[in-house]
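A.B. asks: What follows is the residue order along each chain.
2 protein chains.
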Amino acid sequence: MLNQKLFKIEKEDSYTKHTRLIKEYKASHPEADIISLGIGDVSFPVPLPVIEAMKKACDELGSMDTFQGYGAYWGIESLRRAIAENDYKGLDISSEEIYVGDGTKTDCTALLELFDAGAKVLTGNPTYPVYRNGAFAMGRDVYECSCDEEFKMTIPMEHYDVIYICSPCNPVGNAYTKSELKKWIDYANAEGAYIVFDNVYRDFAQSLGLPKSIYEIEGSRTCCIELHSFSKNLSFSGTRCSYFVLPKEFGEELHSLWRERTINRFNGASYVAQKGAEASYLPEVQEIIKKNIEVYKGNGKLLRNTLLEAGFSVTGGIDAPYLWVGTKDRMECWEAFSFFLEKLNIVTVPGAIFGSKGRYSLRISALGTRENTEEACRRILEFYEKDN
Amino acid sequence: MLNQKLFKIEKEDSYTKHTRLIKEYKASHPEADIISLGIGDVSFPVPLPVIEAMKKACDELGSMDTFQGYGAYWGIESLRRAIAENDYKGLDISSEEIYVGDGTKTDCTALLELFDAGAKVLTGNPTYPVYRNGAFAMGRDVYECSCDEEFKMTIPMEHYDVIYICSPCNPVGNAYTKSELKKWIDYANAEGAYIVFDNVYRDFAQSLGLPKSIYEIEGSRTCCIELHSFSKNLSFSGTRCSYFVLPKEFGEELHSLWRERTINRFNGASYVAQKGAEASYLPEVQEIIKKNIEVYKGNGKLLRNTLLEAGFSVTGGIDAPYLWVGTKDRMECWEAFSFFLEKLNIVTVPGAIFGSKGRYSLRISALGTRENTEEACRRILEFYEKDN
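Heads up: the sequence lines are chains P and X, in that order. Take the position in the first sequence, starting the count at 1, then add 1352; the result is the number in the working numbering. Take the position in the second sequence, starting the count at 1, then add 1352; the result is the number in the working numbering.
Next comes chain P alone, as it looks inside the complex (with noise of 0.2 Å):
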């Protein structure tokens, strides 16, 4: 009677293999000075305005002539229009398009309530777990696609009914042009099918050709569902806050039934994180998060030429905060990754995590400090001049 597909879920290419390695290490290893380029988590603390709001939000809740209860099911109306208005500006999606969430983590996979328990998944080889995994939990089978040398999903012969694609991508660190996705909105208005737009790295995307929302793209608003997060640029992976764009082109029942759905599976995200994230429009946050973004895309950049010239093949570090680095004379990427660990004492996270795939890649996080990134490099640089 247990849920058979819960035991779908990889456990020897696992984060928590990953975290029960490193702290094994540590404990053995209590003077190593380590570095974690792992999971990514962020290393800017949260923006000052953004915690004075928050703290104005718990004063709120102090008193009943400003408290706040239930009925926010998905997001008060001041922060929906504050993302309408700014992330969405020029590009016409309101407030009534705008599902605010707890995290993408949660977000991306609950989106599959709305999809019968047979509808297709398909997700790339490597990707971001979450999608393979949390689907399983939810008793959905997950199909493969191929992808090409770049890691880039390729469009498949066969009918879908949901595509998961995360551009900038974790965990491989490019971006997927608007030609790319353009090719993949036709393929699903084609197929009736549902793209579910992952773009919680959305700030680090600034080549040429590279959309800041798919909602840029004709043809995306009857078929694309877009998410966000504010755990990157507002640090608030501890806070929990998340949205997604339900365009209204996907007609007033679908919404219908979406909004019951949540009234009965979900309270809404905690309100002092909902006032936090309203204020990440403010100018002088607005300002914080470019800051940090260009702090965290010099990381990605450092660590991309001191890869390269350490002579690994690396993807990505340009558009996304991660790297994807082939392991040399093709190790088997949880040795590598020990092998960082120990001779570098910089944290990696094996490619294995993210799919058979990754077996000989290791994901390299720009998200730690710019010192730390430094002095990573530096190791990284001294131990491979030595060693060539």
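All the pointers check out, no bait thrown in.
Pairs count within a copy or across copies, as identical chains cannot be separated in the list.
Derived DSS-like pairs (lysine-lysine); straight-line CA-CA distance at most 27 Å:
no., residue 1, residue 2
1, K1472, K1357
2, K1472, K1360
3, K1600, K1360
4, K1357, K1600
5, K1363, K1709
Hints in this document: simulated from the structure, not taken from any laboratory. If you're wondering where the values come from, they're calculated on a predicted model, not measured in any experiment.
Once you have looked at the hints, place chain X on chain P.
C.D. replies: For chain X alone, kept in the frame of chain P given last:
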């Protein structure tokens, strides 16, 4: 390809219709002094020491020395420990058995991800509609249990896999005794079934023979998952924090499956909310909670006596903050709701929202302010004395 079970969520007898009717009435009667005894939101603000703890948590997020990011998928250790030590004092529940969530609404149906899509889910009629509708959203089949004249579910002859019991009960306002629960526990253990025991209204249960926790009852640890929330005692209806207990007797494999599920589906409740919840165990906060619960319980008593005096049949209002009120002359519940709204300017909830067996009942909440509750009672008595 849409989830067909979403269409089973009743729209005619729904909170959506309820909210719309109230809004329409208020718009057309702006002068009306309306008292809400409807949706179970609270009347006391978040206690000030809790607000202070939350603001301190906000400040912690503003510095990398104290920053909290990813990782507390099932709750921060200090909160889980506080729950185990306080709420389960003497009951031998450890922090490892506690899973923190963002609300019982989410938790109670998210737990279905543990079980196969074919698991037979049993709930009462009337029942908290989320058990039924949330299970539909998750693609599950839901079965209706017969209830006795007190609206308590009677042990079925057939096999079911997951049984929802809400006690103290929303909506009918009474509570299951230890000996009644023991029968359900025996059924579950004999059938290999699980009981999802929604104990959100625990603090209201003060009559003899009622448990504070299901784990006081023999046999419960192999089959019962107990849920609790901070929404009512801390007024966290907008702040969002909850927890449930999976006893270690469920086995390490099941815990391991649930942890992997959670890592892939949820990044934890907001850190700020969790630190607020932790502060609920401060002695000064316990005092505030106790006083607030006493007010609500006093409201329940007042409403109960008033409604009985006005000639209604009443269940509940003693060990739960709800009263289940039979309409007079078998007036249909939506009509009775409109009658209360228009004649008395009191908002109630039509019983049909909780199931077809609620067609001739109203749910009335004792969670209003004392002042509003007294005024509502005055209006009821005045009207029905005039009427008689």
